[in-house]
Amino acid sequence: MQRFMTSYFDGCLTDEHMQRWFYTDMVKQRDLGLSEGEAACLSSSVVDLVREHGFAAVFVDRSDSIAADLTARRRACGIGPAKVHLGSDAFHDSGGCNQASFWAVDETGTLALWLSISIGDRRDFQETIELPVPSPSLIELTRGVNLRQGLCGDAVDESYEEHSSTHPVSGTLVLHIGPTPAEGCGTSGELELRDVTFDDGTVIDDYTISTDAIGCFAG
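170 is the number that the working numbering gives to position 170 of the sequence shown; each next residue is one higher, with no gaps.
You may find that some hints are simply not true.
As the list claims (entries may be wrong) - Pairwise CB distance ranges, derived in the manner of DEER restraints:
#, residue 1, residue 2, range
1, Glu-192, Thr-110, 19 to 29 Å
2, Asp-121, Ala-76, 23 to 33 Å
3, Asp-15, Ala-67, 43 to 53 Å
4, Asp-121, Arg-30, 41 to 51 Å
5, Arg-30, Asp-212, 22 to 32 Å
6, Val-133, Glu-161, 24 to 34 Å
7, Asp-89, Val-145, 14 to 24 Å
8, Leu-138, Thr-14, 23 to 33 Å
9, Arg-30, Cys-185, 42 to 52 Å
10, Ala-82, Glu-36, 12 to 22 Å
11, Ser-44, Val-133, 19 to 29 Å
Bear in mind the hints are in silico, worked out from the structure with no lab data behind them. Where a beta carbon is used, it is the ideal one built from N, C-alpha and C, also for glycine.
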């Protein structure tokens, strides 16, 4: 099917027919939330992108550079970035540390979530936080290489790279911190993310990080 669509768009349709097809499809997909004017603007721009790179490069195997180009074209039409939903399986490992930080990272170490919330000496409480917060840098979704190295202030080597970071613009956090432990540094903590949307369009619908290491510091 993908091969048919690629040859059909690249070799059979005129620009006018292609734009009409994209426009109709965008308007029909109500979850995109596009007005007719936005769909008309974006469909015309997408035609140019397909003519330049081919249908498959834009819609089947999209590179980071083409994704960035498409985002720029959306913004030129007054449209925010396309939403990309991350499920709970997007992260392979998670944990916590400090007072109080939570982290999650994917299996390849190329996607990392970091949340740092000041709790002072408070223990045994639950708190709901509506996003965004005054200090957005305390909540970051980062893309790069070997990102696991930088979690909780651990030392990094030359293989560690941060390519981009994005911050939340809406959503809800539910924080629960357990009682002070009888011994050791580790306090239980749980942080639930509900419908958290970042400024690049990434959405984490529902994800919970649990740890027994709140209050523990690296080293």
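C-beta pair Glu-192, Thr-110: status relative to the range 19 to 29 Å that was hinted: For Glu-192 and Thr-110 the Cβ distance comes to about 24 Å; the hint holds.
Supplied distance hint 19 to 29 Å, evaluated on CB atoms of Ser-44 and Val-133: Taking Cβ atoms as reference, Ser-44 and Val-133 lie about 38 Å apart, which means the hint is violated.
Consistency of beta-carbon spacing, Ala-67 to Asp-15, with hint 43 to 53 Å: Since Asp-15 and Ala-67 have Cβ atoms about 22 Å apart, the given range 43 to 53 Å is violated.
Cβ distance range 14 to 24 Å for Asp-89 and Val-145, holds or violated: holds, 21 Å
Thr-14 and Leu-138 - C-beta distance against the hinted 23 to 33 Å: violated, 51 Å
Consistency of beta-carbon spacing, Arg-30 to Asp-121, with hint 41 to 51 Å: holds, 49 Å
Cβ separation of Arg-30 and Cys-185, checked against the hinted range 42 to 52 Å: Distance hint for Arg-30, Cys-185 holds at roughly 51 Å.
Outcome for the supplied range 12 to 22 Å, where the beta carbon pair is Ala-82 and Glu-36: With Cβ atoms ~18 Å apart, the hint holds.
Val-133 paired with Glu-161, Cβ distance criterion 24 to 34 Å: For Val-133 and Glu-161 the Cβ distance comes to about 27 Å; the hint holds.
Cβ distance range 23 to 33 Å for Asp-121 and Ala-76, holds or violated: violated, 50 Å
Range hint 22 to 32 Å (beta carbons of Arg-30 and Asp-212) holds or violated: Between Arg-30 and Asp-212, where Cβ atoms are some 44 Å apart, the hint is violated.
In terms of the numbered hints stated before, the structure departs from hints 2, 3, 5, 8, 11, listed from lowest to highest.
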